[in-house]
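Student: As you go down the protein sequences, you meet chains A and B in turn. Counting in our numbering, the first sequence runs without a single skipped number right up to 365 at its last residue. Counting in our numbering, the second sequence runs without a single skipped number right up to 1212 at its last residue.
Among the hints, a few may not be true.
Claimed, not checked - In silico BS3-like cross-links for lysine-lysine, where the CA-CA straight-line distance does not exceed 27 angstroms:
hint: 1; chain 1: A; residue 1: Lys169; chain 2: B; residue 2: Lys1078
hint: 2; chain 1: B; residue 1: Lys1040; chain 2: A; residue 2: Lys176
hint: 3; chain 1: A; residue 1: Lys176; chain 2: B; residue 2: Lys1072
Since the hints were derived computationally from the structure, they do not count as laboratory data. All values reported here derive from a predicted model rather than from experimental measurement.
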Amino acid sequence: MVGKERMLTALQRREPDRVPVWEMAFNEESIIKLGAFFTDDLPPMKLVQKMTVEEKIKLLNTLFTVVRELELDGITSITLLGTEPLDEEHVKDGWGRILRISEEGEATAVGGPLSGPSDLRSIEPYHPQQTDFLMLLAAKGALGDDYAQVLVQPGPFRESWSLLGSMEKLLYYYVKAPGFVKDLARLVTDYILEVVDMAVDLGADIIALDGDLAFSQTTLMSPAQYEEYVFPFHCEITEHVHRRGKLIVKHSDGNMWPIMEGIVEAGFDGFHPVQPQCMDIGEVKARYGDRLCILGNIDCMHLLPFGSEEEVEEKVKETIRVAAPGGGYILSSSNSIHPGCRPENYLAMVKAARKYGNYPISVED
Amino acid sequence: MSELLERLKQAVMAGEEEEAASLVREALEGGLEPREIMDKALMPAMEEIGERFSRNEAFIPELIVAASAMEKGMEELKPVLSGEDKGRGLVILGTVYGDIHSIGKNLVRMCLEGAGFEVLDIGEDVRTERFVEAYREHRPDILGLSALLSSTMQRMPEVIQAVRAEDPSAVIMVGGAPVTQEFADRIGASGYAPNAFEAAVKAKELVAGKSR
Ligand code: B12
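The shape of chain B in the complex, shown without the other chains (with noise of 0.2 angstroms):
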């Protein structure tokens, strides 16, 4: 079984989607447990290739068709994952409002999900107040906000401070090109992350934080 569990993780890590979607099917009918096959092969290889990416051994095409591996693999788990099992958590992310970068966040949210979380994008030109209902709807774990321009992140500590108004517990990362772990702290953030396979990492860390 352990060997059909590497095989999914390379078939994920090559971007193989119909392999992966097969091998799912495969350990599910030889009796293995849908949590296992995640924690063991789909999470595994992300987390890999979000490392390799973020050491520039990977490039972003091969992040993009891993996580599109993945996502068909989960397909073939979905039906079968215990309704208890709500996986990390839910991340609710967007790019703030003036700012139409998307790619950034949308590789985020890719090593986001491969991490287990469960993720809402809610785009790009985000307003505040949108992120606010949304926060307000959906009470996620975790806000994402990004934003790729030195004069759009100013409106990050608006959209803080806006849904702390609303949650004051609220856990809030940021990131994008101009953002630092100097500005997150100065802006009162919860957590920073410099590319998308460190804001998984972090996103874990502050899950755990919370539960603790």
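Here chain A stands alone, though its shape is the one from the complex (with noise of 0.2 angstroms):
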């Protein structure tokens, strides 16, 4: 099998040769510290914000090679919105959005278009285009069929709280203005087709569907909340999803159970990450197995960043041996391989995978 169909068998919840092998993002750091394994020709210690053109192209082979060399089954791409650099610590994205970056993650946005419900009316819609999908392409011309083309989309709850540029914004008007967030959600929603549509044709094979909805404790809104806001949206956009013939995956890390029931039931094909601080992973399989993909869980909290490569190897197979077993398991950090993990612990994980994650699993307890 190739990694493509590996990753697509196991999100159908059949066994593949052997426990893919996936994450959902690398950091740039992560991303040139796992790539001086590899190569010395390395792009320079900077956020892609901060990169030339030709430092960026130099990141994503780096990026590439380390997908090639470690033989995972899948990339993902995200989309890149043409921002522009405000200061030192912000840049502006095509929706207007002031994003706040951070050398030790992602970038979140700090600052929207958008003010509430009496602004609504006067956003512009930004409408993706081609060369937001330049990842994409570039990882579909540089490892062509045989790697599953993941490309990661915020989905409605996150687009509209960053339109507002504050999440707390939003779920303040979650009680105060039902009618407002179900328009701020169409809007997103709309342009969540758009990209799902543009890049299904320039090669996606799966979208995976950002956006946390719960944080340690719970949900970050009650489940009443995620029925009326949130799951109808979802359900259209996984319905729009299997209508290209494409499978879909929706990330969040955090305490999900009470929503678990909902992500089923709008259809998403796979649940990442299990973050294994907030949900136990044995559960998840015993109770959405027979529905659900599951991705993820390899603590990168603690274990990643601080523990040894045999604690990396030990979990790697008592997580398969809990979730592999009749398929419907891709294996992937608990979120993502951040800047705070070490790159020996990543490798050490993608080896025991190899190790113990032959089908048909045999891994003692």
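Make one complex out of these two single chains by using the hints.
Tutor: Laid out in structure tokens, this is it:
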């Protein structure tokens, strides 16, 4: 089997020849540090927003080298909405969102083109352009058809709050202005559907719908609010992806138990990353393994940053034993390979997956 | 009058801003002391909603609208609160350097304000020197540090050291997803809380201990 087949087989909850290995994201620093194991031709250590076009290309090539050398089964691309720098710490994207950039990880919106219900009408929707998909096109060109091409796109909740520049603002309107919240979700869902279409046209096999819906304690909104403000749009998006013959995974960290039923019913093919501090993967497998592929769960909070390679191997072994039998499991970290993770530990994680992840799984207790 | 205060409390808990403001005005016109309105209606409302949040009976949106209604009520009270009434004390809050997670810290701010503290939020991705400067300038009763990454939480001891070099008796609270009581003890923090409601409870304890 090739990587793409492995990923698709697992997402359809069947057994591939071995447990697929994939990541939803690697930050710049992680790419460069992992790349250093395989090549000397590396970009300088900086944030992508601060790189020249040439350096960006080098960063992408480094990522492709890592994927190839480690024989990962899929590669993740993000859309790059031509951000323009504002100052040392902020950039502005195609929607007019102001993003705060950071060396420790992905950027977050701190200001938006929207202040509330009064100016929704005046907002100029952004439409995706082919150039936003340069990463996907480059990945397709460099790695060909053997790797699953995954495109990450924020879901309606995250797109909505980032247009307001703050999650708390959106959650305030969840109580105060239900009509506005729905109109806003409509606006961003139309955009998301356009992104899906363009991504599929350009060769994406899988969509990963980003945007956390939970934190350590519980969900960020009540289950009833999820049902009312998010679920219908999730249904629409999964249906659209399926109509285009592709598969879709929902990402959310945190304790998602209160709305897991909704995630399954909304029609997602997989759920990522089952944050181990908040959810037990064995329980997720037992309750939803017949309806969802499970992705992730290798702890990036303590284990990958501070654990030993032996501890990583042990955890991978245990996780495969619990989640892989019968298929429907894709191995990845519990969020991403962020700058805090030791590159050696990631290598150990991939190696362990190859050691214990061959079907039929025969890992002892 | 107690019926009016009860209605005010309910209005805050339901996040009804206009209603909360107008009931505060009504209470003042009726001759109630500003302190009493705070102690018997506004703060109990935030305490109750915070407690429900910490038990997963209320969710973040409900906490946010209640905090907003409390703020509207406070706006009516502020002009008539006596000059000596400094509330429970001043807290400076920020997320440590390298970390841009803001939501947890913001909820902590809301609950601290709800408990009668004055809060100066110095934002996210705050350099250690900035914490020291803010501390020096304002001499808060409590400094609160938030971190959501296991890597950035390693910067908390650095901030604690730098601030304690300025004031050895500085009271410093820490929190955020990867932070535990054990970690807080190890780095010499004065207090830890797992959520925003408990953060307010802890802060009250800490200032009470301080004045003793
Ligand atoms: C939302 C979120 C984001 C958003 C943040 C948006 C924003 N403006 O804040 C975005 C998407 C931008 C983001 C980015 C990243 N994130 Co993030 N994120 C989360 C998530 C899902 C929820 C955090 C949150 O908002 N919670 C809601 C609030 C209400 O809860 P809270 O923050 O825990 O706060 C409560 C308590 O902790 C306490 N508290 C908090 N602060 C304080 C302070 C004091 C003094 C006290 C007493 C109490 C206290 O009270 C609060 C209220 O009850 C968590 C998952 C999780 N389980 O926490 C991951 C998580 C924190 N993120 C994680 C990661 C890896 C990242 C990135 C590195 C990803 C990447 N590869 O780029 C980047 C880092 C960016 C940076 N430089 O900081 C990991 C961290 C792992 C680690 N290393 O420890 C987590 C744990 C997810 C996971 N699967 O492991 N993230």
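Student: Does each hint hold? Answer for all of them.
Tutor: These are the hints, each one checked on the structure:
1. For the hint pairing A:Lys169 with B:Lys1078, the CA-to-CA distance comes to about 24 angstroms; that is within 27 angstroms, so the pair holds.
2. The hinted pair formed by B:Lys1040 and A:Lys176 meets the criterion: a straight-line CA distance of about 26 angstroms does not exceed 27 angstroms.
3. For the hint linking A:Lys176 to B:Lys1072, the alpha-carbon distance of about 15 angstroms falls within 27 angstroms, and the restraint holds.
Every hint from the earlier list agrees with this structure, and none is contradicted.
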